[in-house]
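*Asks:* Protein sequences appear in the order of chains A and B. Residues in the first sequence are numbered consecutively from 0, following numbering that gives the first Met the number 0. Residues in the second sequence are numbered consecutively from 0, following numbering that gives the first Met the number 0.
Source of the hints: derived by calculation from the structure; they are not laboratory data. C-beta: ideal position from N, C-alpha, C; glycine also. Mixed in with the good hints, there may be bad ones.
[As the list claims (entries may be wrong)] EDC-like, lysine to aspartate or glutamate: derived pairs with alpha carbons at most 20 Å apart:
(1) K453/A to E71/B
(2) K457/A to E71/B
(3) K162/B to E283/A
[Claimed, not checked] In silico contact screen, one side only, chain A against chain B (beta carbon under 8 Å); selected entries:
(4) N191
(5) N308
(6) F363
(7) I370
(8) F373
(9) G374
(10) N378
(11) F380
(12) C387
(13) I449
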Amino acid sequence: MLLAPLIGALTILVIEEQANKKNSLYVALWISCFVFFCSLLIIFGIDVPINLHNTKYLAGITSSFNNYFSITTLTAFLTSFTASLVLASFLVSIDEITYNRKIFSILVLLLESICIAIFTTTNIVVFYIGFEAILIPMFLIIGINGRSFVVARKFFICLLIGSLFLLFSVIYILSVTSTADFSAISNYSFSNKQQIILFISIFVGLAFKTALFPFHIWLPDTHTLSPTSASIILSGIFLKVGCYGFLVFFCNVFCSWNHKYGMIVCTAAAINVLYGCYSACIQESLKRMIAYMSISHIGVILIGVFSNNVYGVSSAVFQMVSHGITSCGLFVVEYIIKKYKKDNVNVRKLCILSAPIFLSGISFPFTSNFIGEFGILINTFNTYPLHCIAIIFSEFLCIFHIFKKFKDTFFYSNDTANTKEVNMSRIELRLIEFISSIIVLGSLFSHEVILYIKLCTKDWIIFR
Amino acid sequence: MNNFIEISFILLILSAILTRFSLFGRMRFFIYVSLCFTFIAAVVSVISLQNLQLVDPWLGKYHCLMNLIQTEMYNIELGFKYDALSMIGVFCVSVLCFLSCLYSVKYLKSCKEFIAYSNGFAASMIMLIASNNLIQIYIGLELITFFSYLLINYYYKSINDVKNIAFKVFTIQKFGDIFFICAAFLVEYYCGSFDIQRINSFSIYGINGHDIVFLIILVSVAIKSSQIGFTWWLQDAMVAPTPASAFLHAATLVSSGMFIICRLLSVLSISSSIVYISTFYFLFSSFYSALLALKEYNLKKILAYSTSSKIGLLLAICMLGSIEHALVYFSVHAFSKFALFICVGNISYALSHEQDIRNMGGLIVNLPKTYILTVIASLMFIGVVPNIISHSAFHESNILVNIFVYCISFITSIYIIRIIANVFHGEHRVAERSSAYISENNNLLTFVLIVCIITNLIFRVFIFGKLNPSIRDTTLEYCMDIFLFIVCILAYKHINFKHIKIAMPIKLYIDFNTYIDKLRKRFLAAENTLENTTYCKTYYMLVRSGCFLLTNMRLESYRLIIGCLFVVVLLLNLIGVL
Numbered sequence: 000m001l002l003a004p005l006i007g008a009l010t011i012l013v014i015e016e017q018a019n020k021k022n023s024l025y026v027a028l029w030i031s032c033f034v035f036f037c038s039l040l041i042i043f044g045i046d047v048p049i050n051l052h053n054t055k056y057l058a059g060i061t062s063s064f065n066n067y068f069s070i071t072t073l074t075a076f077l078t079s080f081t082a083s084l085v086l087a088s089f090l091v092s093i094d095e096i097t098y099n100r101k102i103f104s105i106l107v108l109l110l111e112s113i114c115i116a117i118f119t120t121t122n123i124v125v126f127y128i129g130f131e132a133i134l135i136p137m138f139l140i141i142g143i144n145g146r147s148f149v150v151a152r153k154f155f156i157c158l159l160i161g162s163l164f165l166l167f168s169v170i171y172i173l174s175v176t177s178t179a180d181f182s183a184i185s186n187y188s189f190s191n192k193q194q195i196i197l198f199i200s201i202f203v204g205l206a207f208k209t210a211l212f213p214f215h216i217w218l219p220d221t222h223t224l225s226p227t228s229a230s231i232i233l234s235g236i237f238l239k240v241g242c243y244g245f246l247v248f249f250c251n252v253f254c255s256w257n258h259k260y261g262m263i264v265c266t267a268a269a270i271n272v273l274y275g276c277y278s279a280c281i282q283e284s285l286k287r288m289i290a291y292m293s294i295s296h297i298g299v300i301l302i303g304v305f306s307n308n309v310y311g312v313s314s315a316v317f318q319m320v321s322h323g324i325t326s327c328g329l330f331v332v333e334y335i336i337k338k339y340k341k342d343n344v345n346v347r348k349l350c351i352l353s354a355p356i357f358l359s360g361i362s363f364p365f366t367s368n369f370i371g372e373f374g375i376l377i378n379t380f381n382t383y384p385l386h387c388i389a390i391i392f393s394e395f396l397c398i399f400h401i402f403k404k405f406k407d408t409f410f411y412s413n414d415t416a417n418t419k420e421v422n423m424s425r426i427e428l429r430l431i432e433f434i435s436s437i438i439v440l441g442s443l444f445s446h447e448v449i450l451y452i453k454l455c456t457k458d459w460i461i462f463r
Numbered sequence: 000m001n002n003f004i005e006i007s008f009i010l011l012i013l014s015a016i017l018t019r020f021s022l023f024g025r026m027r028f029f030i031y032v033s034l035c036f037t038f039i040a041a042v043v044s045v046i047s048l049q050n051l052q053l054v055d056p057w058l059g060k061y062h063c064l065m066n067l068i069q070t071e072m073y074n075i076e077l078g079f080k081y082d083a084l085s086m087i088g089v090f091c092v093s094v095l096c097f098l099s100c101l102y103s104v105k106y107l108k109s110c111k112e113f114i115a116y117s118n119g120f121a122a123s124m125i126m127l128i129a130s131n132n133l134i135q136i137y138i139g140l141e142l143i144t145f146f147s148y149l150l151i152n153y154y155y156k157s158i159n160d161v162k163n164i165a166f167k168v169f170t171i172q173k174f175g176d177i178f179f180i181c182a183a184f185l186v187e188y189y190c191g192s193f194d195i196q197r198i199n200s201f202s203i204y205g206i207n208g209h210d211i212v213f214l215i216i217l218v219s220v221a222i223k224s225s226q227i228g229f230t231w232w233l234q235d236a237m238v239a240p241t242p243a244s245a246f247l248h249a250a251t252l253v254s255s256g257m258f259i260i261c262r263l264l265s266v267l268s269i270s271s272s273i274v275y276i277s278t279f280y281f282l283f284s285s286f287y288s289a290l291l292a293l294k295e296y297n298l299k300k301i302l303a304y305s306t307s308s309k310i311g312l313l314l315a316i317c318m319l320g321s322i323e324h325a326l327v328y329f330s331v332h333a334f335s336k337f338a339l340f341i342c343v344g345n346i347s348y349a350l351s352h353e354q355d356i357r358n359m360g361g362l363i364v365n366l367p368k369t370y371i372l373t374v375i376a377s378l379m380f381i382g383v384v385p386n387i388i389s390h391s392a393f394h395e396s397n398i399l400v401n402i403f404v405y406c407i408s409f410i411t412s413i414y415i416i417r418i419i420a421n422v423f424h425g426e427h428r429v430a431e432r433s434s435a436y437i438s439e440n441n442n443l444l445t446f447v448l449i450v451c452i453i454t455n456l457i458f459r460v461f462i463f464g465k466l467n468p469s470i471r472d473t474t475l476e477y478c479m480d481i482f483l484f485i486v487c488i489l490a491y492k493h494i495n496f497k498h499i500k501i502a503m504p505i506k507l508y509i510d511f512n513t514y515i516d517k518l519r520k521r522f523l524a525a526e527n528t529l530e531n532t533t534y535c536k537t538y539y540m541l542v543r544s545g546c547f548l549l550t551n552m553r554l555e556s557y558r559l560i561i562g563c564l565f566v567v568v569l570l571l572n573l574i575g576v577l
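Chain A on its own, in the form it takes in the complex (with noise of 0.2 Å):
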């Protein structure tokens, strides 16, 4: 599983690059498709009654250090996430990378098996060692077009700051702990000032990974300046890494820290929805205000990750994989937009399909990220009652952008009576229709993904 982007990588690596040509893209976009349908068959098979106790252990790469990697539900779930919106950014990237294809397929399969490494990873400096690694073939499919050298160099330095403040939290917790293992560093108890350097710097670190406000700067450039399959990995994918970080660090390793220092961040989270909100009301370009409806969005989900009960935690994971979700099928529909000229394309067609994925951005009743939203709000109403006023206001800013820009993308009065209406390409087609299924059959049967979801968290959650 692990190692199937890796072997494709080389693959491509083989092959030889003809002119004009997208034989590399089309053989990465078979191997993510075969990784995709290997993480459903882990979704489905995984005997869940014994996978409880994480017996399942695959044995590790290579390294001196004792990995380990075990799948749970959660992960599972993660991973195939990951490898379906890489699939979707393969099938997007076939007709806009237009050079350099055999780089850009290597580069993202590597990226997805360094992804899986870290969601599946129950070892501390496998974990580092996966969040510094993501960030070179991120850089790499930034800068891909030549256009966006200056801001990946940006991304770049943003986010290398960051890595430092992790490297010194985990130099730390291994000097103080002596083991990399995430639940032997779970049983020991540190000091009081020892927590609070371990906190902020991991915070600060983990908040450079998830742009939370004052380090944000990096993410609106990137997202606008990017080619689109870029964007879909970059919002949906390695935002979600961040929020990962999150997830294990307080919910599973230091899970006493939860109610502790939950006040601080989810008050940082809370800035962080409104600010998106009200930055996004003011953008003109579709990806840009995207960017900034994401910031707001991971807002949401640490709320959700710092509720501080197994319901809120699980429903921050659904939020998380929804929200990726959503975010990808935006830029697709962006892409389709900018591709064929608003006039051209086929509008009503279009506007109802990808309806419900601009409706999931204003987190509408049966799209995927209603279920999400709600179930972080009313699990965490009770502990912190303004910060989830806080968010709901910020859903009623949403129609201010997102719903905006819906409007007016989809109903303009066409006084030119353009007449001649180009269809869309039919693996657009697919993709949207796939997308937008998705988003609506996920709410509809939320309740099975929130069950399967909780049997890994709850393990991992012994609150107060």
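Fit chain B to the known structure of chain A by using the hints.
*Replies:* Same frame as chain A, but now just chain B:
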């Protein structure tokens, strides 16, 4: 027939989805199939009304459809509650949905989107009406907000300003939803549950915050039903196509506030200060928008003001605590206002979408059928039963409330008569160019109107008696109604205008006779309020003199003579006004 709400809910959704598929070819076929589905849903809901007396009126059973959100303490479910409130609500919504879809087939050029949206709207309205927890109510509110946005936005291609108006309306309604969800979370914070039954049985009355919570709920209700301060959105929403205005903005959407209040009534009515504040607020806004209706010239906007006025009255009845009366009032208002809107639709269809009453007049020659049906619809609107029943709800409350209610019902009859007089009588003011084309070859539209009226009458006679014994006492008025209806039908058959002109004063006579007789003492207090308006003056003087005569004659035999005189005077008055 046990799960009829679920059945009609699913059928409505199916038909919405089917019409959506009609985008991809074979349009007509899908439209007819989805119309069939809507029809079946309406029939199911009609048949299910048989169960009304079997189920205990306010404690029906509950069916869970799916699980939405879990917490550690409880689950939030999507389910349907089967009590009298939801039964009558579902009946009105599904029947009116079918009628408006049928109407749109002829009225609109491309009805597929309309059918999809209005079916979706009906399904979400059913979800709101039959809900058992606050989150589901919120979901229903969100969905109806969105569908009403789509329906207001219907003409976005041809009319420039529609986009912005629709967005404005969407914003204000969403604002109301946000208020509601805040209140819902605060209720949960105090009571520990979203479940309505639990909330109603919970005692939170000692807690300081709870007055504020319910004021927030009332604000959201006021926004949703366009009370004073928020009346503008209903006026703006009139850019929607007429069947949409008839279905949404007259009958169902605005009364969603009523359902919220009815569900939470036992909690809301605990603090008497809230009951007083909100009752007077609703009554005052009802009075205010009734006055505004006298000044307006656009046909649809007059009806929109009258809607906010009537809904204000409805909400006041709710706050005074009689759900039965409120339900009766709701359904009668829904059907009759729907019928009036359909009449307006017919008129503007014949005049190629003219809506200003200053450009009409003398249309009785061109549109005889529409004239008769409009008269019947407006009789229903200012008719006997709703007034009597609602007034019996106000009987126990204090005199100020009663004064308001009488003023409002007088103004109502005045602006309705103003519409009829300006549109159908008087000189012919339609522009010469188009007047040659005015004709009435819209059988389907007339058919819809007749079905609507008949359903309303049947509904009144057979159902309301089951709800409450005090309502059953007014059977005599039902008989009067039916008698009048037969008279009108006869008049319709031999199109003879003299009969029709008589029919209307008869109805007015019955109307005023009954309730003036009951309430004459309090009536006298209302004398000096409204004498300045021009139409008001003559009409009001006549009514007052008639009332004076009637109330002073105690013997039954004299009353008949006086009544006949009254009819003649009214008739003369009518001709004079014209």
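*Asks:* Against each hint, give a clear statement of whether it holds in the structure.
*Replies:* Hints versus structure:
| no. | hint | in the structure |
| --- | --- | --- |
| 1 | K453/A to E71/B | holds, 12 Å |
| 2 | K457/A to E71/B | holds, 12 Å |
| 3 | K162/B to E283/A | holds, 19 Å |
| 4 | N191 | violated, 30 Å |
| 5 | N308 | holds, 6 Å |
| 6 | F363 | holds, 6 Å |
| 7 | I370 | holds, 6 Å |
| 8 | F373 | holds, 6 Å |
| 9 | G374 | holds, 5 Å |
| 10 | N378 | holds, 5 Å |
| 11 | F380 | holds, 5 Å |
| 12 | C387 | holds, 7 Å |
| 13 | I449 | holds, 7 Å |
Consistency with the previously given hints fails for number 4 only.
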